[in-house]
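*Asks:* What follows is the residue order along each chain.
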Amino acid sequence: MERRVVVTGLGVVSALGNSEEDFWNSLKEGRSGIQPVACFPEGTLRFPNAAEARTFNSEDHFDAKEAGFLDRFAQYGAVAARQAVAGSGLDFKTGTLGEQTAIVTGSCIGGKATEDEGYFQLYSRNNTRFNPLTIPRAMANGAASRISLEFGITGPTYTVATACSSSNHALGQAYWMVRSGLVETAIAGGSEAVFSLGLLKAWEAMRVVSPDTCKPFSKNRKGLVLGDGAAMLVLEPLDAAKARGAHIYGEVIGFGMSSDAHHITQPSSEGAARAMRSALKDSGLAPEAVGYINAHGTGTTANDCTETAAIRSVFGSHADKLLVSSTKSMHGHTLGAAGAIEAAATLLALQHRVIPPTANYEEPDPDCDLDVVPNVARTAQVEVAMSNSFAFGGLNAVVLFRRAS
Amino acid sequence: MSDELTQRVIKVMAATQHQPVEKFSLESTFEELNIDSLDGINILFALENEFDINIPDEGAKQIRTVHEMVDGVRKLVEAKAAGPAPATV
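So the protein sequences, as listed, match chains W and L. Quick note: the first sequence uses this note's numbering, first residue 1, plus one each step. Quick note: the second sequence uses this note's numbering, first residue 1, plus one each step.
Careful, some of the hints might be misleading.
[As the list claims (entries may be wrong)] Under the rule of at most 30 Å between Cα atoms (straight-line distance), these lysine-lysine pairs were calculated in the DSBU-like manner:
| hint | chain 1 | residue 1 | chain 2 | residue 2 |
| --- | --- | --- | --- | --- |
| 1 | L | K23 | L | K61 |
| 2 | W | K28 | W | K242 |
| 3 | L | K61 | W | K201 |
| 4 | L | K11 | L | K75 |
| 5 | W | K242 | W | K93 |
| 6 | W | K321 | W | K281 |
| 7 | L | K75 | W | K219 |
| 8 | L | K80 | L | K61 |
| 9 | L | K23 | L | K11 |
| 10 | W | K201 | L | K80 |
| 11 | L | K61 | W | K219 |
| 12 | W | K201 | L | K75 |
| 13 | W | K242 | W | K281 |
| 14 | W | K93 | W | K321 |
| 15 | L | K61 | L | K75 |
| 16 | L | K11 | L | K61 |
| 17 | L | K80 | L | K11 |
| 18 | W | K201 | L | K11 |
[As the list claims (entries may be wrong)] Derived contacts from chain W toward chain L, CB cut-off under 8 Å, selection only:
| hint | residue |
| --- | --- |
| 19 | K201 |
| 20 | A205 |
| 21 | M206 |
| 22 | P211 |
| 23 | I264 |
| 24 | T265 |
| 25 | Q266 |
Don't read these hints as lab results, they were simulated from the structure. Every residue, glycine too, gets a C-beta built ideally from N, C-alpha and C.
Generate the whole structure from the sequences, applying the supplied hints.
*Replies:* This is the structure we're talking about:
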């Protein structure tokens, strides 16, 4: 028998702060964490702004030896997991819970900054001896493995890399594992650290990064703004959470995925719509049950009108009753962490009955004609919310949540 | 007009698209040449390297024909040759 699955722990590291409270306060106030790039001199990059997790200090969380084993993306993931586990009240070292717990994380690029530094030393400085920790720091499962080690979790542990859909794929698989009874508990989410010069120059060449800020669904939008950070959730069966009196952030009720088979970078509304329909089918709910969509909403010309068309195709006339916002306007596009950070935003929106806005919105676009909750948060009695992630490579993953009853 | 700069732009575009230069004329549109957005940024990258120029995103997004691409590159090459405005003392 399939079990109902709830979220009992939530942790966040982001440009909006490194706690649930700071993250939520910024979201509900529509306060953007996008600022001038701090880590490289002005003029290094064609784009001036980013959403860096700039208040994260490694020394606050790891001693120097521990930090040496962990790229920044793994540190973000471990710290987000610590918050989530502490909030859940679970102790994975008690009895056999550690064996019955899964960890599924998403990461698009792994420890790219560690690799970048090594290659710089080799090619530019002719320093032919690599740091021997380069491989364990750079591996994309660095965060998952650290969380496993730290909490003594010995169940299924792995990392999903599907570009910007990575952590929605991770959340969905963890959800299905708990729902089916394969595991009793899961830690799921994603983490990403994008601020290495080599990677930023590669993004610059894609010509999709905004020369100003991120203005999703606004007619004058000019592209995405890169961000970094992490979010981790603790998932467990509803009955178990109730039995131990745990705080329930919300319920995970559906997961859907699809591939566009259309183009390596251009999105397809049909593919996005298929993933949304698949998530609805998995939940057993009609489209009319959904009240809020945390959109993929990157702020690129292509994504926002394609996503709008996909939402219209799935929801029909109900699309005009939906609230649709892109919180990337505040925490930036965190690539492989995006789905997890947006899941946290969606769960907190359901819990507080406040829909975070699309910040930086300036000008209506007839091709993005949904209620995008411009600039100011809105109180709303929403029971069911959808969180979309669509990736380069045409890979789509959609998660559905319900407010805790 | 098919001057040296035009020929160089077309040569770079053809090489980037792995197509013979004969397929390209000043009048060709990107649509006719089957150049999509990702091909477009590859072409910009190749032209920046060929002429040692920086092509800004804003102008580049409007370009839809070989003619517009040649005109855009010519402006940037001429601006580069003129050099920065002399400092006033």
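*Asks:* Does the structure keep K80 (chain L) and K61 (chain L) at a Cα separation of 30 Å or less?
*Replies:* holds, 21 Å
*Asks:* Between the alpha carbons of K321 (chain W) and K281 (chain W), is the straight-line distance 30 Å or under?
*Replies:* holds, 20 Å
*Asks:* Given the proposed pairing of K28 (chain W) with K242 (chain W), does the C-alpha separation stay at or below 30 Å?
*Replies:* Holds, at about 28 Å.
*Asks:* Would you check the hint for K61 (chain L) and K201 (chain W), treating anything up to 30 Å between C-alpha atoms as holding?
*Replies:* Answer holds: K61 (chain L) to K201 (chain W) is near 19 Å, not above 30 Å.
*Asks:* Regarding the pair K242 (chain W) and K281 (chain W), is the alpha-carbon distance no greater than 30 Å?
*Replies:* holds, 26 Å
*Asks:* Can the restraint linking K61 (chain L) and K219 (chain W) be considered satisfied, given a maximum Cα separation of 30 Å?
*Replies:* Holds - the C-alpha atoms of K219 (chain W) and K61 (chain L) are around 15 Å apart, at most 30 Å.
*Asks:* Does the alpha-carbon distance linking K93 (chain W) and K321 (chain W) stay inside the 30 Å limit?
*Replies:* violated, 46 Å
*Asks:* Next pair to validate is K201 (chain W) with K75 (chain L); report whether the Cα-Cα distance is within 30 Å.
*Replies:* Since the Cα atoms of K201 (chain W) and K75 (chain L) sit roughly 25 Å apart, the hinted pair holds (cutoff 30 Å).
*Asks:* Given the proposed pairing of K11 (chain L) with K61 (chain L), does the C-alpha separation stay at or below 30 Å?
*Replies:* holds, 21 Å
*Asks:* Holds or violated: K201 (chain W) and K11 (chain L), Cα atoms, limit 30 Å.
*Replies:* holds, 26 Å
*Asks:* May I ask you to test the interface hint for P211 (chain W) with respect to chain L, counting a Cβ-Cβ separation under 8 Å as satisfied?
*Replies:* holds, 7 Å
*Asks:* For the pair we were handed, K242 (chain W) and K93 (chain W), check the Cα-Cα distance against 30 Å.
*Replies:* holds, 21 Å
In summary, the structure is inconsistent with hints 14, 19 from the numbered list given earlier, while agreeing with the others.
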